[in-house]
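Number of protein chains: 4
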Amino acid sequence: MTAQDKDPAAAARGAKLASDFTQSLHYDRRLYSEDIAGSIAHARMLGKQGIIDSDEAAKIIEGLQQIEQEISAGTFAWKPDLEDIHMNIESRLHEIIGETAGRLHTARSRNDQVATDTRLWVKKAAQDAANALRQVQEALLQQAQRHTESVLPGYTHLQRGQPVVFAHHLLAYFEMFDRDAGRFLAAKRAADVMPLGSGAMAGSPYPLDRESVAEELGFAAISANSMDAVSDRDFILYYLFAASVTMAHLSRLAEEFIIWSSDEFGFIRLSDEYTSGSSIMPQKRNPDFAELIRGKTGRVYGHLMALLTTVKGLPLTYNRDLQEDKEGLFDAADTVLPALSAAAGMISGMTINADRMRLAADRSYILATDIADYLVGKGVPFRQAYIAVSALAKQSIATGIGFGELTMEHFRSASSLFDDDVMQVTLDSAVAARDVPGGTAPGRVKEALQQAMKRLDAANSEM
Amino acid sequence: MTAQDKDPAAAARGAKLASDFTQSLHYDRRLYSEDIAGSIAHARMLGKQGIIDSDEAAKIIEGLQQIEQEISAGTFAWKPDLEDIHMNIESRLHEIIGETAGRLHTARSRNDQVATDTRLWVKKAAQDAANALRQVQEALLQQAQRHTESVLPGYTHLQRGQPVVFAHHLLAYFEMFDRDAGRFLAAKRAADVMPLGSGAMAGSPYPLDRESVAEELGFAAISANSMDAVSDRDFILYYLFAASVTMAHLSRLAEEFIIWSSDEFGFIRLSDEYTSGSSIMPQKRNPDFAELIRGKTGRVYGHLMALLTTVKGLPLTYNRDLQEDKEGLFDAADTVLPALSAAAGMISGMTINADRMRLAADRSYILATDIADYLVGKGVPFRQAYIAVSALAKQSIATGIGFGELTMEHFRSASSLFDDDVMQVTLDSAVAARDVPGGTAPGRVKEALQQAMKRLDAANSEM
Amino acid sequence: MTAQDKDPAAAARGAKLASDFTQSLHYDRRLYSEDIAGSIAHARMLGKQGIIDSDEAAKIIEGLQQIEQEISAGTFAWKPDLEDIHMNIESRLHEIIGETAGRLHTARSRNDQVATDTRLWVKKAAQDAANALRQVQEALLQQAQRHTESVLPGYTHLQRGQPVVFAHHLLAYFEMFDRDAGRFLAAKRAADVMPLGSGAMAGSPYPLDRESVAEELGFAAISANSMDAVSDRDFILYYLFAASVTMAHLSRLAEEFIIWSSDEFGFIRLSDEYTSGSSIMPQKRNPDFAELIRGKTGRVYGHLMALLTTVKGLPLTYNRDLQEDKEGLFDAADTVLPALSAAAGMISGMTINADRMRLAADRSYILATDIADYLVGKGVPFRQAYIAVSALAKQSIATGIGFGELTMEHFRSASSLFDDDVMQVTLDSAVAARDVPGGTAPGRVKEALQQAMKRLDAANSEM
Amino acid sequence: MTAQDKDPAAAARGAKLASDFTQSLHYDRRLYSEDIAGSIAHARMLGKQGIIDSDEAAKIIEGLQQIEQEISAGTFAWKPDLEDIHMNIESRLHEIIGETAGRLHTARSRNDQVATDTRLWVKKAAQDAANALRQVQEALLQQAQRHTESVLPGYTHLQRGQPVVFAHHLLAYFEMFDRDAGRFLAAKRAADVMPLGSGAMAGSPYPLDRESVAEELGFAAISANSMDAVSDRDFILYYLFAASVTMAHLSRLAEEFIIWSSDEFGFIRLSDEYTSGSSIMPQKRNPDFAELIRGKTGRVYGHLMALLTTVKGLPLTYNRDLQEDKEGLFDAADTVLPALSAAAGMISGMTINADRMRLAADRSYILATDIADYLVGKGVPFRQAYIAVSALAKQSIATGIGFGELTMEHFRSASSLFDDDVMQVTLDSAVAARDVPGGTAPGRVKEALQQAMKRLDAANSEM
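Protein chains in written order, with our numbering: chain A, 88 to 550; chain B, 88 to 550; chain C, 88 to 550; chain D, 88 to 550.
Check each hint, because a few of them may be wrong.
Just so you know, same-sequence chains aren't split out, so a pair can sit in one copy or run between any two.
[To be verified] Here are the simulated SDA-like cross-link-like pairs (lysine to any residue), alpha carbons at most 20 Å apart as the crow flies:
no. : residue 1 : residue 2
1   : Lys465    : Ile138
2   : Lys541    : Ala311
3   : Lys481    : Ala124
4   : Lys481    : Arg233
5   : Lys481    : Gly364
6   : Lys481    : Val509
7   : Lys533    : Ala311
8   : Lys533    : Asp421
Worth flagging that the hints you see were computed from the coordinates, not collected in a lab.
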């Protein structure tokens with residue numbers, strides 16, 4: 088007696104499970120407008136080329152347009168039994184226009200149809216992500232403009248290192264997101280090649296005009312090899328890679344928001360919208376959105392890894408494994424877009440505690456190198472300068488007085504090498520001294536800000 | 088003017104996206120029965136310990152039981168605005184029993200509540216997976232029983248290597264799935280520790296009886312440290328690891344089904360249920376289910392990688408990142424269970440073409456080592472035996488006659504070392520010769536089959 | 088003209104690259120002692136069973152013992168041209184004992200030989216990791232013993248949540264590492280099955296005594312199916328999974344060390360050995376080791392993902408892909424062992440700033456729920472108690488005075504519900520109140536510490 | 088007594104392990120020429136800008152040039168105690184030119200120095216990979232040229248689908264590798280930004296001429312933000328992504344080589360150089376290189392996942408975690424380059440069995456749709472045509488005669504709709520019919536081949 092014999096319900100459950108296995112309607116219905124657009128363009132071309140009658144073409148197009156309206160109006164009757172979006176649309180087209188519906192399949196296979204739909208979707212999704220990144224960059228620039236002179240410690244190893252202005256810190260993220268937008272646009276270009284006309288894999292025996300279909304659908308080019316065209320999922324991998332690096336950057340920003348929101352740092356206060364708390368612990372402001380962004384980084388990485396695994400070792404051409412390309416893609420888009428939106432909102436809505444930031448710099452030792460440089464600038468040999476500053480440092484530890492709070496007395500008691508001018512070495516002078524391209528001197532940062540605005544305007548105008 | 092100013096709809100869309108970000112109801116509603124069971128046990132204990140009135144406890148329990156019935160009957164009115172399963176249940180409890188509903192929160196935090204729910208769910212899911220594996224093992228044994236003497240080439244490097252019996256090949260998978268079931272049961276044990284009573288993270292100031300709650304819920308133990316208890320997600324990682332290795336094994340089996348179903352191999356014919364095709368190409372039987380299993384391996388690996396990434400570098404204790412633990416888990420379960428069900432169905436339903444299998448062995452060179460061994464057994468020095476067999480091999484290539492089809496004439500013309508007895512070296516004799524524990528000799532395989540049945544019975548009786 | 092024609096050196100470089108591709112000596116030489124042990128046991132059994140002469144067996148064993156001495160003494164002349172460890176040993180054996188060396192190959196294939204070597208290695212490596220985890224647990228217990236009453240804020244969302252004692256926090260990691268050790272021991276058990284005797288994949292035609300070889304090599308069992316035995320890499324995946332979760336836990340600890348070492352937190356001071364800095368910035372103590380541990384988490388995850396990818400979709404039995412199983416394994420061991428060693432050293436050597444920890448708790452609002460509970464305990468309805476504490480909280484924000492520093496005057500001005508006894512609600516009373524199993528009450532923590540010591544002693548005695 | 092007390096050697100071993108942990112010399116010495124080039128350019132600029140004396144600059148440059156010669160000549164004395172490549176070079180420079188060596192550190196930090204070295208290395212490695220891809224493309228084109236009319240079945244689901252010419256199949260890979268080269272060049276551009284001058288993270292207080300250094304080193308631009316410049320590892324992720332997709336494509340090709348090399352398919356014979364076997368089983372040709380390529384796909388994916396994990400959640404700016412960026416990068420390059428070289432060699436050296444390929448197509452049913460199309464073209468309604476072909480298919484199954492081997496008699500007995508012209512539907516006519524851009528008609532394929540040659544020439548001339 089088998090385990091299944093023992094449990095008759097198990098067999099039925101098994102069959103149910105198995106039938107669920109191949110269905111994709113619950114996720115691929117998002118492709119409906121791409122699928123209909125592709126079918127309309129295909130039908131129109133079939134008509135023009137005389138492959139089907141132009142009347143038939145017109146009837147098909149009208150039917151498809153009606154279906155699109157039904158779906159967007161929410162009146163379309165989805166049938167899960169029909170497994171996928173394509174069967175649902177075809178079946179409905181049949182109801183509306185009868186036998187002619189079947190003519191739409193002429194010179195097209197599910198393989199090149201699905202690939203075309205997905206490419207149209209990725210093109211849009213990649214542009215959406217680039218646009219969302221532009222809004223995060225915009226939010227960074229606006230916040231940065233207010234803080235071109237707010238000093239805080241720059242950190243390495245989460246240890247205070249050198250003073251920087253907050254705008255400079257924010258602009259570091261501007262650069263990251265700029266590269267991210269570039270990668271999404273590269274993914275878009277990768278998707279911008281039309282596979283339609285590749286048939287199941289060998290091309291079509293009909294006299295297709297592939298170029299005209301591509302033009303109608305807004306594709307930049309047609310695929311050069313039919314076997315590649317139905318098997319290629321590089322453009323989805325590219326989208327997932329762009330999304331992964333974007334999430335990596337967002338996770339870094341989120342980590343900083345979380346650390347800065349701690350009571351111990353207290354550098355920023357995120358707006359109520361992006362935190363949760365309790366009215367009897369009003370100071371406890373859980374940075375939930377930042378944590379979710381950081382946490383959701385994993386799922387996007389996971390989707391990239393999933394598709395890389397799926398395509399590994401597949402022989403040509405189409406294999407059903409490739410159906411696994413879409414859910415991760417959709418979920419990655421559903422993750423990265425809200426994450427970017429939340430990031431923009433957090434950046435715009437956060438309150439900066441510039442005093443706490445400055446205090447953290449003041450109470451530290453981050454002027455040490457600047458003071459040593461000062462002595463060297465006065466002609467003191469490096470080694471002696473170094474000894475003098477070490478003495479200061481020992482004093483600072485012993486007394487708990489940060490380098491930013493040192494008095495002339497402290498200097499003198501540490502070393503006779505210090506003259507009164509040393510008092511001019513301050514957080515502000517130290518920041519101002521980093522006066523190289525890319526450096527944190529306020530003048531350089533303002534210049535960088537201007538450049539960034541121009542770059543963003545240029546990017547926005549190309550959207 | 089910002090990008091957002093240009094597109095007023097974008098801001099609204101942004102807010103919408105952000106609000107979607109924190110919702111979990113669409114997936115965590117699957118925890119409803121675990122959540123209600125946990126709440127009932129908690130309420131009962133609160134009543135017993137006098138932390139709340141026993142009347143209150145009874146009222147709460149009754150209300151929760153009603154809610155469970157509503158949900159399982161499909162009459163429960165889900166409110167997405169309430170974000171998660173817990174708020175939905177609490178809100179409904181309030182509607183049913185009024186203010187007393189609030190008493191359920193006594194001595195419990197969302198952190199220990201969610202962790203408890205998830206552990207209950209994983210315990211069940213892990214057992215389900217183990218059971219499903221048992222059914223695949225059952226199917227393997229039944230198929231193996233029919234093929235303890237069907238010879239096919241055993242492959243290394245996808246090259247024919249040595250003859251084996253098909254039952255032996257199938258039993259290799261029996262072993263893999265046996266280890267998989269063991270890992271799922273280990274994941275179950277990892278989940279079998281109750282965190283309830285850990286509060287938000289520090290424990291509870293109420294005189295709880297944690298042991299009694301654990302007993303009612305069927306947990307083997309209570310957690311030893313409250314800070315660990317609300318942060319630990321090892322048991323989910325364990326489930327995902329067990330699922331990943333199971334998918335790896337299934338992908339190997341699927342690959343073999345796909346290769347064996349090719350026209351070139353033609354070793355098996357999968358049943359209609361698990362293939363798709365076309366009536367004008369009836370021999371084309373696309374092994375869709377096998378391909379989907381192979382392809383879905385990626386998504387399960389991805390979920391494992393996702394959660395490993397999420398937990399990396401999180402400070403203690405609960406962080407909102409951990410909310411990301413459930414969707415991948417659920418999807419992994421929704422993948423591995425139907426995959427196992429489909430595998431069992433494919434194994435049971437497939438038709439073996441034993442003739443094609445044997446022919447593949449016959450027409451090959453896989454008796455070469457056995458023939459050499461035969462000579463050595465006769466006292467021929469190894470090197471001479473080797474030269475004789477090389478001569479045979481050259482003949483085989485030149486004439487296209489496989490080693491299994493050699494006549495005495497062939498032997499003689501290759502070398503005078505061969506006597507008539509060499510004709511007794513056949514596929515069957517070669518298989519029979521591998522007569523060691525774990526070897527492919529039919530006697531050994533039958534013995535292994537008996538052992539496997541006993542092991543499976545023992546496992547089934549422990550379910 | 089091809090690209091290669093243009094660059095004649097490229098062709099040569101190509102050939103060189105390709106030949107490097109298959110070599111494994113640079114990493115598999117670490118298997119030498121396992122390989123020799125396996126060969127010795129195999130030779131002895133061959134002799135006992137009369138498959139080779141007992142003289143031959145003795146000669147082979149002696150030769151192998153000499154080789155082991157040469158390798159461990161560093162006098163062995165490695166020959167990279169011989170590609171792998173096995174060829175190097177065989178070639179040397181031939182030099183030492185002549186033709187008899189060839190008899191060692193009787194009834195053994197490279198496939199079952201390598202699998203045996205790797206299992207022996209994993210068994211040892213898994214035990215080593217478990218032992219190293221025990222030392223980290225030991226270090227945690229010793230540090231915890233000193234801090235059973237040192238109060239610090241317990242954090243959720245990196246926000247101060249509830250007061251806990253530091254020993255309790257450390258014991259959370261004790262639990263994690265305990266589970267990790269359990270997983271490594273499970274990986275060891277998974278490896279503890281001997282494949283030798285499986286031949287290339289079908290078993291051996293010789294009358295082997297597999298059990299006696301297993302016994303000599305210390306294996307708990309022999310493999311049940313030869314085809315599985317040469318293909319199975321589950322035990323390596325298990326090791327990599329155990330290592331991955333261990334690294335995840337270490338990364339959490341490392342993150343806390345890094346945050347606690349920041350000037351803003353200032354909770355701990357890592358010893359000089361595990362930090363780097365500069366003498367003119369003596370307070371800057373870069374927690375390099377903690378960062379490296381956190382950073383190296385990625386590489387171990389990567390090795391797990393790599394092997395999962397490699398085994399995906401491989402048909403039975405041995406495929407050369409499987410050669411890829413070792414480098415990631417070795418590197419994972421070379422990462423996790425020093426990481427554990429460094430973690431133990433950091434835990435033992437760090438200095439706790441208990442005052443800063445307590446101050447962080449004092450200056451916060453984490454007594455809010457305890458004060459509300461106090462009022463409720465006095466019979467105040469929950470809602471009124473809540474209002475009173477909210478008033479306190481507003482005061483706390485306005486004045487900057489933490490809940491731990493409130494005077495009776497503050498209480499009275501917030502609400503008339505507070506009586507003098509409220510002053511007894513302190514950090515210490517709050518901690519003491521969490522008096523449930525697993526809670527942070529010092530008594531419970533001391534108990535947990537005792538239990539942990541016993542568990543560790545038991546574990547150590549089983550090593 | 089602790090576990091360590093019991094084992095005194097363990098403590099020492101622990102210390103040893105920990106010290107190994109931070110060393111990087113064993114891998115970062117590959118950066119020597121980039122490091123020296125960067126230092127020379129930096130020193131020259133310091134001299135020009137008067138930041139150091141021009142004599143000092145000259146002395147430093149000369150010393151560095153000597154060191155480069157020593158290293159490339161193999162006479163450099165590496166000191167592992169000095170941990171990394173940079174310390175080794177600095178220490179040697181000190182030996183050669185004395186105190187002046189210290190001046191090289193002026194206005195530079197290890198953070199911007201290492202980032203510069205790595206970018207130089209990635210630029211070169213990415214170009215090398217693109218070049219290696221060009222050679223694989225070259226090999227494909229040469230092989231394709233010989234097979235523009237060799238027909239084989241095109242497969243979907245590893246089932247014979249439609250006839251294609253072999254050149255068409257090979258050109259599918261040409262397209263994949265073309266995209267791969269594009270991604271490597273994108274990674275190169277991502278690396279082509281010079282961070283030097285960013286100091287530890289805030290910029291430099293010296294009047295640097297960053298542009299001139301960038302020009303000397305061949306960088307296209309200088310970094311715009313110092314904090315980003317020392318933290319950014321996107322360009323390495325990009326390289327790893329490009330390498331991952333390349334390996335995915337290679338794994339597909341490898342899988343086909345393995346399947347085609349099986350006895351059952353027998354489509355190709357890989358050259359001896361890329362296979363292994365045994366002289367008594369000369370037909371057994373293990374495709375080791377193809378298997379290794381397929382297997383090594385995992386390690387490259389793993390390196391991508393590793394670095395994504397490492398950068399997740401890192402706060403700005405430099406953290407020691409980032410030291411983990413190089414080993415995976417180097418190993419990915421050491422994998423992908425030989426894999427490409429082996430692929431080119433396999434493609435060039437393989438022998439095609441065009442007869443077996445054609446036979447596989449002949450003996451199948453893949454003309455079914457073409458025959459139906461033929462009837463439809465004659466005016467037969469689609470449904471009737473379909474019925475006729477189904478009858479043929481049934482015959483084909485019953486008799487075992489493939490569609491390519493049908494006689495007129497077969498046709499007539501299946502349906503009276505078939506006239507003599509149907510005999511003109513052949514494999515060749517079917518292939519010729521797919522006469523659309525991207526299709527498999529030989530004319531189109533030859534055209535595609537011409538285009539591909541032009542594209543490759545253009546790409547090669549841009550190298």
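Consistency of the hints with the structure:
For the identical chains of this complex, Lys465 and Ile138 are inter-copy neighbours only, at 14 Å across copies versus 87 Å inside a copy, given an alpha-carbon limit of 20 Å. For a Cα distance limit of 20 Å, the shortest separation of Lys541 from Ala311 across copies, 14 Å, qualifies, whereas the shortest one inside one copy, 38 Å, does not. For the homomeric pair Lys481 and Ala124, neither the shortest alpha-carbon distance inside one copy (73 Å) nor that between copies (39 Å) is at most 20 Å. For the homomeric pair Lys481 and Arg233, neither the shortest alpha-carbon distance inside one copy (36 Å) nor that between copies (29 Å) is at most 20 Å.
For the identical chains of this complex, Lys481 and Gly364 are inter-copy neighbours only, at 14 Å across copies versus 42 Å inside a copy, given an alpha-carbon limit of 20 Å. When the C-alpha separation of Lys481 and Val509 is checked against a cutoff of 20 Å, the pair qualifies only within one copy, where the shortest distance is 18 Å, while the shortest distance between copies is 44 Å. With identical chains, the CA atoms of Lys533 and Ala311 are at most 20 Å apart between copies only, with a shortest distance of 12 Å across copies and 48 Å within one. When the C-alpha separation of Lys533 and Asp421 is checked against a cutoff of 20 Å, the pair qualifies neither within a copy, at 35 Å, nor between copies, at 44 Å.
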